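Novice: Sequence:
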Amino acid sequence: MNKTISILIMSLCCVMATENTFASPAQKKSVKELIKLSDLENLLHSSLDEMQPALDSKAESMLLKILGKERLTTNQEHLALVELSQLLKDTSSKMFMRPETLQAIEQIYTEILSEEEVQAYLKFLRTPEGKSINQKNLTISSNIFQYMNNLNQKTLNDPEQNLKLKEQLLSIIKPLIQDE
Numbered sequence: 001m002n003k004t005i006s007i008l009i010m011s012l013c014c015v016m017a018t019e020n021t022f023a024s025p026a027q028k029k030s031v032k033e034l035i036k037l038s039d040l041e042n043l044l045h046s047s048l049d050e051m052q053p054a055l056d057s058k059a060e061s062m063l064l065k066i067l068g069k070e071r072l073t074t075n076q077e078h079l080a081l082v083e084l085s086q087l088l089k090d091t092s093s094k095m096f097m098r099p100e101t102l103q104a105i106e107q108i109y110t111e112i113l114s115e116e117e118v119q120a121y122l123k124f125l126r127t128p129e130g131k132s133i134n135q136k137n138l139t140i141s142s143n144i145f146q147y148m149n150n151l152n153q154k155t156l157n158d159p160e161q162n163l164k165l166k167e168q169l170l171s172i173i174k175p176l177i178q179d180e
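Yeah, the sequence shown ends on 180 if you go by my numbering, and it's all consecutive.
It is possible that some hints are incorrect.
[What the hints assert, rightly or not] Taking lysine to aspartate or glutamate and the EDC-like style, the derived pairs with C-alpha atoms no more than 20 Å apart in a straight line are: (1) Lys131 with Glu33; (2) Lys89 with Asp49; (3) Lys32 with Glu83; (4) Lys94 with Asp39.
Note that these hints are calculated values from the structure, not bench results. Bear in mind that the values here come from a model prediction, so they are computed numbers and not experimental data.
Input sequences plus hints: build the corresponding full structure.
Specialist: The structure is reproduced here in structure tokens:
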């Protein structure tokens, strides 16, 4: 009985290994079609809109650091914040659309997916459900990102968590300070 189970398990492992071995690498042409059909450029632009709160937060922290302040108080500072946030968005948009960025994205798809997986994904994206899910995935990912970002901010703003973090930080850098 145990011998039969062992043989069955080993056979299953061999079949799985063989299946992975025979998967052909994704072809550039198929990957380009996948990127086009998944509407990646529009998704990247939409993701920038979804990232706006994070860009605003980053712009504010940069501005506060430059000004040496804890909060913005004047209209001029708030206008500078809006301009800086827009600059970050424009810079990110340009970065997303550079040819080398798109080539890197193609390379990532090519390295991770097999040709069979690309073809299956293309088939899925050609369905109404696939198109709908593809569009909603951005919102799902963005909402998860925002939730995690908010959770991180709440954790860092929690006095108890902040104290624990400071204690842990001090324990990490204490040996460095003592050596000097």
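Novice: With reference to the structure, classify each hint as holding or not holding.
Specialist: Evaluated hints:
For the given pair, lysine 131 sits about 14 Å from glutamate 33 by alpha-carbon distance, which is consistent with the 20 Å threshold. The straight-line distance between the Cα atoms of lysine 89 and aspartate 49 is roughly 8 Å, inside the 20 Å bound, and the hint therefore holds. About 35 Å separates the Cα atoms of lysine 32 and glutamate 83, which puts this hinted pair outside 20 Å; it is violated. Of the supplied pair hints, the one linking lysine 94 and aspartate 39 holds, its CA atoms being roughly 17 Å apart against a limit of 20 Å.
Violation of the numbered hints given earlier is confined to hint 3; every other hint is satisfied by the structure.
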